[in-house]
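Chemist: Please construct the entire structure, taking both the sequences and the accompanying hints into account.
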Amino acid sequence: MGETILMKGNEAVAEAAIRGGCRFFFGYPITPQSEVPEYMSRRLHEVGGVFLQAESEVAAINMVYGASGAGARVMTSSSSPGISLKMEGISYIAAAELPCVIVNMVRGGPGLGTIQPAQSDYFQATKGGGHGDYHLIVFAPQSVQEMVDMTIEAFDVADKYRNPVMILADGLIGQMMEPVVFPDGEDRPNTEKPWATVGMGDRAERNIVTSMDLNAEAMEEINWRIQEKYDKITKEMLRYETLDTEDADLILVAYGSSARIALNAMSKARENGYKVGLVRPQTVWPFPYEVIKDLANQAKAFLTVEMSMGQLIEDVKLAAGETPVYHFGRCGGVIHSPAEVYEKIEEILNGGGAAK
Amino acid sequence: MIVDNKRVIVFVGAYGSGKTEIAINYALRRRRLGEKVTLIDLDLVTPYFRSREARQPLEQEGVDVVSPEGGLAMADLPVMPPRIAGSLDDRERCVIIDVGGDPTGARVLGTIRKSLPEGDHDILIVLNARRPFTRTPDTMLESMGRIEAASRVKITGIVNNTHVCGLTTPAEVLDGYEKVAAVGRESGLPVVFSGALKEVVAQIDADSFPTPLLSISRHMLAPWEQPDEYWKRTTPMRLEEWE
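These protein sequences, in sequence, are chains A and B. Note that my numbering numbers the first sequence so that position 15 is 15, with each residue one more than the last. Note that my numbering numbers the second sequence so that position 114 is 114, with each residue one more than the last.
It should be emphasised that the hints constitute simulated quantities derived from the structure, not laboratory data. We put the beta carbon where it would ideally sit given N, CA and C, even for glycine. One should not assume that every hint holds.
Stated by the list, open to error - Here chain B is said to cover these stretches of chain A; the calculated rule only asks that three of the stretch's residues, wherever they fall, bring their Cβ under 8 Å from a Cβ of chain B:
no.: 1; segment: 81-90
no.: 2; segment: 177-191
no.: 3; segment: 235-247
no.: 4; segment: 260-272
Modeler: Set out below in structure tokens:
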């Protein structure tokens, strides 16, 4: 492994993309992720890549569509309102089964909102956001190093399933600095893409990249094919971590930076004799429903800790059966403190509060 | 430290070089030396982790903080903080200026450069040899040149702030010193001090280290890094309370 260096999350995700073989970046600045395009503008040309600041988020995602169709490893990044603008293009890319990586450094919403961190784009990332029946593969890193590792891998995953991958982080992870190590050796190679639209070559048939088929039966066929792929992804790509769940009465469920805050609160609760565990989804699509379902037989309750008014909680409730699920969240750019999460833990275990 | 003799100290540097922690801890040092101290947050380009977020602990120690106020304090807008000229003119006050990173952040310094007291200020560049764009003496010199060109001021000294947060050992600080010392030889500038976390300073023999050491207590913390005192508060501390 290389030397340990100190990086901001936004710089690290950009460098990791390059190490993952990304050679094209199209984006538009927005706080709190503008260091991503800034870093790319400085670094990509050094590796023979192309950085282009598009005239808008809509233009940027369509450039991603084009570059991916031509077989490139390509990335775009933005923050909440900018990701909303990209939604039409993301749906097209998913329908055309093109690989790419999309970074969302989530900020407080709804609307133009704030520039501070949030996790209120969970529904948008995991349940669609754009139109039609499609899914992104969504990684949810909790640290700068984890974001590096996931981003390097994201390009291989996107190519393998011919599906867009999202790195779902937040302004805090984007802006904070942590030590990181990058793997030694060459950047990951691009994969062979016989479907790419790069001219006829020796082929007898044209390659066509499109998200449109006006024949309803044919479009339904495409949907069936994509659904089969999603079933495969659900089996193969699920990532999660559990901590101290074996004897837990209360199980916290949290992802990304909220998981680190939840862990602080959990440690304090354990010190004070409360049996508290943690489930941390590292992918939020696919989601660890089965893990929650198994733990529901043993735990007295679940508590989701998220920087939103309650989005992750809906997935937990789908799996929790009769076991009550509580929610604690701050939003709009306010980060919950470990102390207030701890207070909520105490309240639940002492019989107070109503499940949502 | 030699720079303690100057009334106005300006910290510049590449983005993420640690200017804010250095400025906060150096301001506290001057305060503890018994001076009246003002810290000016002139970072107009960074959206999070700015010295204005440490206003409360700084004011508790008697350091006056000048930064954008009210509704625009948490915006990502280039708002010039008020009271800059007044603070610089007060001859009784030591003034520490935390400038934004890179040439982009340093440009604003050009607008106040004529208000800096003649012969009684230093412009110090903060360098961390473990940051991606300043890992070698060559790239450090390039960064210095670009900051000087954008800000239209001449850098007068170097601060070695080489670290990797909690993983830092004395070896990194010394390795960083060797790199910035090469920059010093090339540019003719002195390395005025090295900054290091107080836990790291405790492991260094100050007498044999080539520069004075500034012991750093971190003020820019993620919510999960809050110190123990945090738990003793009856009401949890929230980001907005740092306002």
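Chemist: Under a C-beta cut-off of less than 8 Å, do 3 or more residues of the segment 235-247 of chain A approach chain B closely enough to confirm the stated coverage?
Modeler: Our answer is that it is violated, as 0 residues pass the Cβ test (under 8 Å) against chain B, missing three.
Chemist: Check whether three or more residues of the segment 177-191 of chain A sit with their beta carbon closer than 8 Å to a beta carbon of chain B.
Modeler: holds (count 3)
Chemist: Against chain B, does the segment 260-272 of chain A show at least 3 residues with beta-carbon separation below 8 Å?
Modeler: Our answer is that it holds, as 5 residues pass the Cβ test (under 8 Å) against chain B, meeting three.
Chemist: Residue count check for the segment 81-90 of chain A against chain B: does it reach three with CB-CB under 8 Å?
Modeler: violated (count 0)
The structure fails hints 1 and 3 (numbered hints given earlier, in ascending order).
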